[in-house]
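Student: Chain B: place on chain A using the hints.
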Amino acid sequence: MALLELDGVSKAFGSLKAVDGVSFKVEAGEIFGIAGPNGSGKSTLFNTITGIPFGPDRGVVRFDGAEIQGLPGHRIARLGLARTFQRETAFDGLTVFENALMGATFAGSDGGTAAEAAAEALEFVGFDRADLGRSAGELSVFQRKCLMLATAIATRPKMLLLDEPASSLTKPEIDSSIDLIRRIAARGITILLIEHVLTLLMSLSQHLLVLNEGSVLALGDPRSVVADARVVEAYLGSRKAA
Amino acid sequence: MTAARLEDEEAISPASLAGVPRAPGRVSWRREAAAMAVGFALLALAPFVFADSYSRHVLIMVFIYAIVASNWDLSLGYGGVFNFGHIALFGIGVYAYSLLTKLAAMDPWIAMAASGVIAVVAAVVVTIPILRLKGIYIVLVTFGFAQLVMQVILSQSDYTGGTQGLVRIPGLYVFDHNMVRDAKFAYFYIAFGLLVLSTIFLRLFVRSRTGISVVALRDNEEYAVSRGISLVRQRLITLAASAFFTGVAGAFYAAYQRNASVEVFGMSLATIVLSMVLLGGTGTIYGAIVASFVLTIFSEAMADFGAWRPIITALLILAVMLAYPGGIVGMLRSGWTGFAGLSKRAK
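Chains as they are written, first to last, in my numbering: chain A, 1 to 242; chain B, 1001 to 1347.
If we strip away everything but chain B, and leave its shape as in the complex, we get:
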């Protein structure tokens, strides 16, 4: 029974350690996998509840935000690296896909995967100068990197369209399915599939020993190094890992919108996604995803409030963060603890 040996509650082998779970103090991976499967299965039913293309469009945007925010949570929340170039990785995905499909006439699906790889390469390039830096200096370098990428794109207007951006970017295809007249049915499931893959990847990563070592480095760099963890190697891995699906999400966004502009490098998008990471609760992956839903849907629901919309949103974020510094996940956790305490007392 080789399968049984992989089971979570399986004891670590020596007799003296019998009964020690593989990850004491953590939710077992079976339980997490089951919860994740239920959550995603419910989400997969959404297009049957929401048949109109507007609702589906909102959900597609939620999925894109969720991918970008949860991957940012890997470098920022788990790694503690203030990578303010994360949105640039998304922008690089947008432009990599646009240029590869438009100029090189590459197959859209291959271009989407290639955009992820290009974002990974870009992440490695930006990581090298920040390896020996800390805190605010990492913010400066990574922010500068984002600006640099934007300037390069603006300056190469013959290819990138400069401030005009690019239009008529080839979309994705699924066999002979008509992607335009299906009320965004196909794009919904492509975005949904990307979110599922990205989330599974991120959770596997943070539960792995490499993932744990990333937190160790965040908590105390010198102590982590003294236990054999290589700062250079782990930091490169973290940033590279957070880049792939971010780049793919950028490519998907370009394919879905059929146009690209340098606005994706702007502060406005960076601020929205950063508020999702923080509001959700850093270092959880799920928090960023949940917050993407909450913020996007909240923002859409308040469309009639005009200029009041961002103000009310900001106040809401402030209120939650003041009451629960752990964000939405922190709020849910303390709610659960309270509930568990009550039900114990009731017995």
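Chain A with its partners taken away, still in its complex shape:
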């Protein structure tokens, strides 16, 4: 059974159909990539799945066997579906440790205490013991991205939705992000990954879905998807126009 299944999910803002009848399945344990040009509805799709800040207008989102569309965001997080945001965000008024403690306390699912889960997640993404007491407000962009991953891991999720983890990072930082995402997947966490950097998606994902103007343009194994003429056109424009 698929861990996450979308069936005809739609979300409109007025007359703009941001997400239009999207259906796909993500199997447990895989890294599933979602690509698409800017404005193709990738982030809106994440929002509708996680209910943050809103669920879909129509369609069904099934996670781990239960329908979750219409549930409030914090309840979805507690079911084991964690997400990150495109902009690196942190609770600036809290320490690094407290940031992770929040995820572990309010959405932590299995075993151990919240403090243990938080400290373990921070260590896993590469924070030193000495960093735990630092104010999250003084971290660099890359550290904030790592912290956002740690707070998600601290919830002990079944599935992690990553919204452009490589945006505004340098090349070496992107490389270590790829490594980190692989290690997260190796923990048995299923990953749904949005990127418009295709190379990153190609190197990580087992399945690739391309969105364009809110609809599924192509879906399949990454190599055949990027060879698809319609995908090339959506990214680069058609030869005739050029």
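Worth flagging that the hints you see were computed from the coordinates, not collected in a lab.
Be aware that one or more of the hints could be misleading.
25 Å max Cα-Cα, derived SDA-like pairs, lysine to any residue [as the list claims (entries may be wrong)]: (1) B:Lys1134 to A:Phe13; (2) B:Lys1134 to A:Arg87; (3) B:Lys1134 to A:Asp92; (4) B:Lys1344 to A:Asp131; (5) A:Lys17 to A:Val216; (6) A:Lys158 to B:Asn1220; (7) B:Lys1134 to A:Asp131; (8) A:Lys158 to A:Gly14; (9) B:Lys1134 to A:Ala12; (10) B:Lys1134 to A:Glu30; (11) A:Lys158 to B:Lys1344.
Tutor: Frame of chain A, contents of chain B only:
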């Protein structure tokens, strides 16, 4: 040794995490408790230094302001909720106590506790319409709530005395002690006790995980929700928690002054208390308390300046806030950091 397991420097249990304190980067609760005990112990000696009823009256007013301001800091500073109905919760305490003791002839102490509970209920009622609102709209709704409460009190003049207010409100009692001829000795310690209880409650709250989650929601609502924090639940808890001692302080104020008027809903009181919250430094609890002392005593000391008094006070607040946006606590912190840096270099 179960007590030892609660100790602050105690490591989080797994071997890989040995040596990690329970709240890295924060002052340990033992150290904070010790500092708080010393501070309050010194304050408890004040009536022996100040034997006159005027000085004691000023300190009693400081304690009332400090309770109201520090509880406002919980919703405004920690929660980031622009609750401009906070002073109305104080006013509700004033009137709840007055009506319960005068009309229902309730025991003053029970009435005081009941006033706190009524303020909590009022806070929950005002929180429901602001759950989905942000920023300026919260100001509008909560300010409207304060005005509404005042209008209701004015309109029910048969019970509340309307614009005349209420007089001869029953005071508090302590066994057979004469509350009038003790130069405010008993009222000082009652107000002091309320401040101690309120401060301990607030600090325990903000150090708890619920308290930390309130800051998380303030910093980024969507991110907090994505980590399992319920906006509705935490916001209700925050506003309710900030209401109890505010209502009790209102009740105490009514019992102490023996009269009540709708002036407690006015902008003038709201402005004074808000300046205490801001001058002290938001999100600290202690800042609001310290600023209550500074502003009240400063204002009393300048009584001879007449109309210049509020102007000078306002200029002082502006000067401090421009130099130290973190308020008095920010000022003390940077002073401490500077001092620590100097003494390190000296070694």
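Student: Against this structure, judge whether each hint is valid.
Tutor: Tested hints:
no. : hint                  : verdict
1   : B:Lys1134 to A:Phe13  : holds (21 Å)
2   : B:Lys1134 to A:Arg87  : holds (21 Å)
3   : B:Lys1134 to A:Asp92  : holds (19 Å)
4   : B:Lys1344 to A:Asp131 : holds (22 Å)
5   : A:Lys17 to A:Val216   : holds (13 Å)
6   : A:Lys158 to B:Asn1220 : holds (24 Å)
7   : B:Lys1134 to A:Asp131 : violated (33 Å)
8   : A:Lys158 to A:Gly14   : violated (34 Å)
9   : B:Lys1134 to A:Ala12  : holds (23 Å)
10  : B:Lys1134 to A:Glu30  : violated (39 Å)
11  : A:Lys158 to B:Lys1344 : violated (48 Å)
Of the numbered hints given earlier, the model fails hints 7, 8, 10 and 11; all others are met.
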